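Read off the chains here:
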Amino acid sequence: MSQPLHRQLGLTDAENDRIPELIGRAPSDAELVMFSLMWSEHCSYKHSRPLLRRFPTEGPHVVQGPGENAGAIDVGDGLAIALKIESHNHPSAVEPFEGAATGVGGIVRDILALGARPIALLDSLRFGRLDSARSRHLFTRAVAGIGHYGNCIGVPTVGGEVSFDDRYEDSCLVNAMCIGVVPAGAMLKAQARTPGNHLVLIGNRTGRDGIGGASVLASAELSHDDEDKRPSVQVSDPFTERKLMDCCLELAAAGAFVALQDLGAAGLTSAASEMASKGGVGIDVDLDLVPLREQGMAPAEILVSESQERMLAEVAPERLDEVVERCRRWELDATAIGVITTTGNFTARHGGAIVVDIPAAALTDDAPTYAVPVDPAPTPAPTPLDRIPMPRDLSAAWMELLGRPNVASKRWIYERYDHLVGANTARRPGGDAAVIRIPGTGTGLAITTDCAERHCEADPLGGGAATVLEAARNLACVGARPAAATDCLNFPNPEKGATGWRLQQVIEGMSLALEALDVPIVSGNVSLYNESPERLIYPTPVVGMVGLMADASASVGEGFTGPGDLVVQIGSGPVRLDAGEWLGDATGAPPAPDIAAEVAVIDLVVRAATAGLLQSAHDVSGGGIAVTLAESALAHGIGCEVSLPTGRRPDEDMFGEGGGRIIVSCHPEHLDQLREMAGTVPIAQIGTTGGRTVTLRMGEAGAELHVEQIRDTFESALPKALT
Amino acid sequence: MTRIVVTVMPREGVLDPQGQTVHGALERLGFDGVGDVRIGRRIELELEGSNPEEAAREMCRRLLANPLIEDFDIQVEGT
Amino acid sequence: MTRIVVTVMPREGVLDPQGQTVHGALERLGFDGVGDVRIGRRIELELEGSNPEEAAREMCRRLLANPLIEDFDIQVEGT
Amino acid sequence: MSVAVVRFPGSLDHDSAVRAVHGLGGTAELAWHDDRALPAGTTAVVIPGGFSYGDHLRPGAIASRSPIMRAVVDHANAGGLVLGICNGFQVLCEAGLLPGALRPNATLSFVCRQVTLEVSDGGTPFTETASGPLSIPIKNHDGAWYGDPDRARVVLRYQGENPLGAVDRVAGVANEAGNVMGLMPHPEEAVDPLLGSVDGCVLFRPLVAA
Ligand SMILES: Nc1ncnc2c1ncn2[C@@H]1O[C@H](COP(=O)(O)OP(=O)(O)O)[C@@H](O)[C@H]1O
Ligand SMILES: [Mg+2]
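Residue numbers (my numbering), protein chains in the order written: chain A, 2 to 724; chain B, 8 to 86; chain C, 8 to 86; chain D, 23 to 232.
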């Protein structure tokens with residue numbers, strides 16, 4: 002009746018046949034379990050690895066590219082900044098609080114594995130529409146979990162993004178990004194080096210935790226069909242994580258670690274085999290030494306448990322006492338569970354017997370890869386304007402748009418996050434990008450996460466580029482020059498339909514934009530199969546990007562700072578309503594970005610901000626220029642009067658998206674200098690700041706909202722949608 | 008009105024960080040011989056209606072407990 | 008080992024925001040006839056020693072309860 | 023002459039507190055929870071914010087029973103200045119050095135927000151030089167002060183709003199002598215124009231001068 006074990010574990014017959022070829026004999030059950038997890042998409046990227054090679058990953062300041070737990074760039078002052086984004090989508094759908102919380106914990110340990118001190122977190126979220134009770138539940142609990150973990154470990158959550166769409170009703174997305182700082186010469190790798198050194202497991206005890214292993218351990222051969230032997234949901238323990246951070250950073254600073262690695266998906270199996278294969282050495286682990294939280298755990302269970310808040314370190318024999326002693330001071334378990342060997346094998350013992358003995362590289366480097374089918378979807382055509390109803394009352398339409406949860410203020414979220422801890426937050430959430438001072442320096446680090454998912458659905462090549470360009474624009478708006486990026490590719494099943502093609506196109510579009518910006522991808526993560534029989538998510542390639550500015554205190558805000566300034570539009574690419582926030586779906590054809598032109602706009606705004614010419618800067622994104630101007634006015638309660646003499650239909654003028662535009666304000670005496678700096682970049686004065694209303698003129702038509710009206714709607718929309 | 012006491016405890020095998028921390032604190036305060044410590048919630052409800060126990064059970068399922076990580080128990084304490 | 012159950016509840020008269028919120032949530036879920044809701048902590052301890060009840064009382068005085076806002080109760084559940 | 027900043031497992035704001043002291047020209051030293059004495063030359067003590075012991079059981083409860091706290095109590099009884107910030111305020115209440123207790127916020131959620139504080143008692147060493155309201159952020163989950171405001175020395179109140187649901191809008195209290203003070207807002211996050219406010223300096227200056 003039942004499937005053969007390898008199929009239950011998710012291995013194909015061909016994959017199963019490959020294992021004996023690699024190890025020279027039939028695998029034991031425990032070994033088969035290890036292969037099944039290490040060769041899963043989650044651990045091996047078998048459907049995405051070939052495509053990921055397209056990304057530009059090099060640059061003069063890259064000190065760690067993809068392949069380690071996180072990437073890193075040199076930022077001067079003898080420091081490197083580490084960055085990485087990761088998904089915890091499935092666990093969050095099962096148990097949103099713990100799933101999202103442990104997602105934060107996991108990404109923090111990736112940064113910690115470099116010996117870097119985590120200094121900022123961001124979260125990128127996608128849920129179904131908030132009129133669904135289930136989506137409200139998932140969203141509010143996920144936000145609570147992210148806050149609980151980040152707040153408790155003392156890493157500020159300084160930004161993120163969220164949107165709500167039916168496409169995410171069955172598969173919500175919870176991506177978390179972490180930034181860390183490490184002395185440039187002291188960065189650690191997860192590369193085991195010296196035979197004879199100890200392998201030390203630090204942190205929480207090992208239990209039957211782990212959703213990733215659920216399918217595995219459900220197999221009758223491995224458990225005893227015993228209710229309480231089932232894998233349990235990972236419960237977050239941020240207090241232990243904080244101690245783990247403090248303790249590991251002290252030990253890293255003291256030079257006590259030769260290598261460091263976090264335990265994430267596939268637990269000890271993945272951590273130890275990656276350390277061994279990267280270092281070209283072997284590892285011999287005694288499972289009887291692993292501190293357990295539960296009695297009677299089978300070897301396979303210990304090997305793949307995904308218990309949280311654990312790190313694995315390579316420690317030279319003469320430093321072992323120091324490591325154990327320091328961990329005791331922090332009330333953490335630290336146990337030498339094995340040694341580095343010369344064999345190249347991953348060996349595990351249990352009850353005196355060898356239960357696993359396979360080449361470590363067979364688990365990691367020999368994982369299969371597959372080319373996904375790249376069957377293009379039909380190219381969509383722009384929606385003719387006469388098929389889009391023109392709003393009768395433009396002011397009312399504008400107000401309605403500002404009150405949608407996707408557009409409205411996200412204060413309800415970020416006030417639940419400690420975005421200040423560490424006393425380095427120079428620009429708080431709510432604007433285009435957060436700015437934090439790199440600790441101990443005056444340098445500003447701007448950070449944002451972005452994704453243009455509807456654009457990616459309609460036109461994946463353009464959408465991939467648009468996603469990267471939007472992130473860069475958000476950095477430019479605060480005055481930072483984009484420096485490096487990390488990405489999390491959230492997609493449906495790439496083996497079906499046009500998803501494989503979309504994945505390839507999105508990567509191509511992202512790469513084109515990254516190359517034009519000269520921004521490398523230094524780390525990333527892939528989450529595939531986000532679909533249900535009813536719904537596929539949009540292709541959602543979340544980009545986390547960091548930028549630098551010499552002086553953290555000189556950042557620019559999105560809000561007008563006083564009356565009498567000029568409102569200036571920089572950039573003037575094509576604008577359309579298709580796939581935008583106003584229409585709220587992915588139909589039609591959004592304008593493909595003119596990458597070179599958009600990069601020129603970004604470059605100009607960075608230079609102008611650095612020269613001190615800008616009073617404010619805010620990009621045109623979801624909802625068009627009408628939303629941009631409303632937000633700029635709202636920030637300090639200063640209105641504006643703007644005319645958009647474009648000859649387009651007024652609703653397209655107001656709500657149309659695209660064009661790579663940034664709206665800045667400047668003192669009148671700076672306009673000439675700004676024009677001169679612009680050279681051939683299109684720049685146009687479109688209005689002036691002042692008053693208490695935001696007034697728009699589009700030829701004959703007009704719209705006007707009072708700043709207080711905007712505030713009421715904009716600030717209350719999300720809380721209202723949640724009650 | 009019937010008084011109902013609902014007890015919600017972390018499930019067997021599920022990590023209980025709070026119990027773990029309190030265990031350590033008791034030991035540091037010099038209390039010897041402390042074995043397992045587990046911490047959960049006690050919810051006291053006053054309920055009207057003909058079948059308060061069944062109502063409480065439904066409340067646990069829908070709100071008061073998280074079946075993935077918690078077990079609940081219901082005691083009717085009288086009226 | 009003796010199993011001891013310590014119950015710590017908000018004192019009468021001390022605002023219990025958690026209880027109030029759960030009360031509101033239950034009503035929104037359509038449960039009628041919900042009177043007072045109070046939420047406290049249940050701490051299950053395993054204790055060695057000759058007088059575990061007294062030990063638990065001392066633990067409550069020194070750590071487990073804050074007399075300003077909480078009352079505690081101790082039940083010996085057996086060995 | 024040095025400010026001792028006490029560090030527990032789970033403390034988060036000790037480094038920011040040290041930096042605030044340094045920024046005002048003072049010297050500061052970390053004190054470890056497990057030590058029995060404050061560093062030699064300690065003239066004032068800060069119990070910083072964070073989640074000592076993960077806020078398990080009750081915020082501040084476990085930290086308040088750690089060995090270093092006896093030395094802090096002695097220091098306070100001898101008239102020395104002690105400032106407890108956020109989790110430090112919770113610790114001082116749990117230790118019995120300050121009246122009242124901190125309960126979960128009325129919103130039952132964490133709240134991170136810039137607030138305006140009015141100084142209700144300018145007579146304590148901490149508030150002697152305060153003139154006018156202070157703009158300082160709050161960030162906590164259990165910050166609603168509970169107690170009898172008529173029998174406590176209320177030093178700070180939230181202006182206009184009561185964001186956490188504290189009794190009588192209380193944001194900070196002192197002991198009778200005024201040398202021990204606790205507050206939920208975070209003055210160490212308001213000592214630098216980069217952070218948007220320097221109003222927190224008022225509360226730190228007396229520590230440096232002590
Ligand atoms: N999930 C979130 N977590 C933290 N901050 C958020 C989140 N969602 C939005 N924000 C804050 O609100 C700002 C505005 O959001 P959004 O309108 O999506 O920005 P943009 O269009 O500039 O990318 C973000 O830059 C961020 O600071
Ligand atoms: Mg923006």
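These are calculated hints, taken from the structure and not from any lab test.
No experiment lies behind these values; they were computed from the predicted model shown.
Glycine is no exception: its CB is placed at the ideal position from the N, C-alpha and C atoms.
There may be inaccurate statements among the hints.
To be verified - Example chain A residues on the side facing chain D (calculated, C-beta under 8 Å, incomplete):
{"#": "1", "residue": "Pro239"}
{"#": "2", "residue": "Tyr418"}
{"#": "3", "residue": "Asp419"}
{"#": "4", "residue": "His420"}
{"#": "5", "residue": "Ala424"}
{"#": "6", "residue": "Trp502"}
As the list claims (entries may be wrong) - Where chain B lies over chain C, by a calculated footprint (3+ residues, C-beta under 8 Å):
{"#": "7", "region": "17-24"}
{"#": "8", "region": "40-46"}
{"#": "9", "region": "61-75"}
{"#": "10", "region": "78-86"}
Q) Is the interface hint for alanine 424(A) satisfied, with its Cβ closer than 8 Å to some Cβ of chain D? A) holds (4 Å)
**Q.** Interface hint compliance - tryptophan 502(A) to chain D, C-beta minimum distance less than 8 Å
**A.** violated (43 Å)
Q) How about the region 40-46 of chain C: do at least three of its residues have a C-beta closer than 8 Å to a C-beta of chain B? A) As far as the region 40-46 of chain C goes, the hint holds, because 7 residues have Cβ atoms under 8 Å from chain B.
**Q.** Within 8 Å of chain B's CB atoms, at least three CB atoms from the region 78-86 of chain C: coverage verdict
**A.** violated (count 0)
Q. With a cut-off of 8 Å, does the beta carbon of proline 239(A) approach a beta carbon of chain D closely enough for the hint to hold?
A. This hint holds: proline 239(A) lies near chain D, its Cβ roughly 7 Å from the closest one there, short of 8 Å.
Q) Are histidine 420(A) and chain D close enough, Cβ to Cβ, to be under 8 Å, as the hint says? A) holds (6 Å)
Q.
Please verify the coverage claim for the region 61-75 of chain C: does it have three or more residues whose C-beta sits within 8 Å of some C-beta in chain B?
A. Contact hint for the region 61-75 of chain C vs chain B: holds, 6 residues under 8 Å.
Q.
Tell me whether the statement that chain B covers the region 17-24 of chain C is true, taking a Cβ distance below 8 Å and needing three residues at minimum.
A. violated (count 0)
**Q.** Restraint satisfaction for tyrosine 418(A) [CB to CB of chain D, less than 8 Å]
**A.** Result: holds, 6 Å to nearest chain D Cβ.
Q) Is the shortest C-beta separation between aspartate 419(A) and chain D less than 8 Å? A) Because about 5 Å separates aspartate 419(A) from the closest Cβ in chain D, which is inside the 8 Å limit, the hint holds.
This entry does not satisfy hints 6, 7 and 10, going by the numbered hints stated previously.
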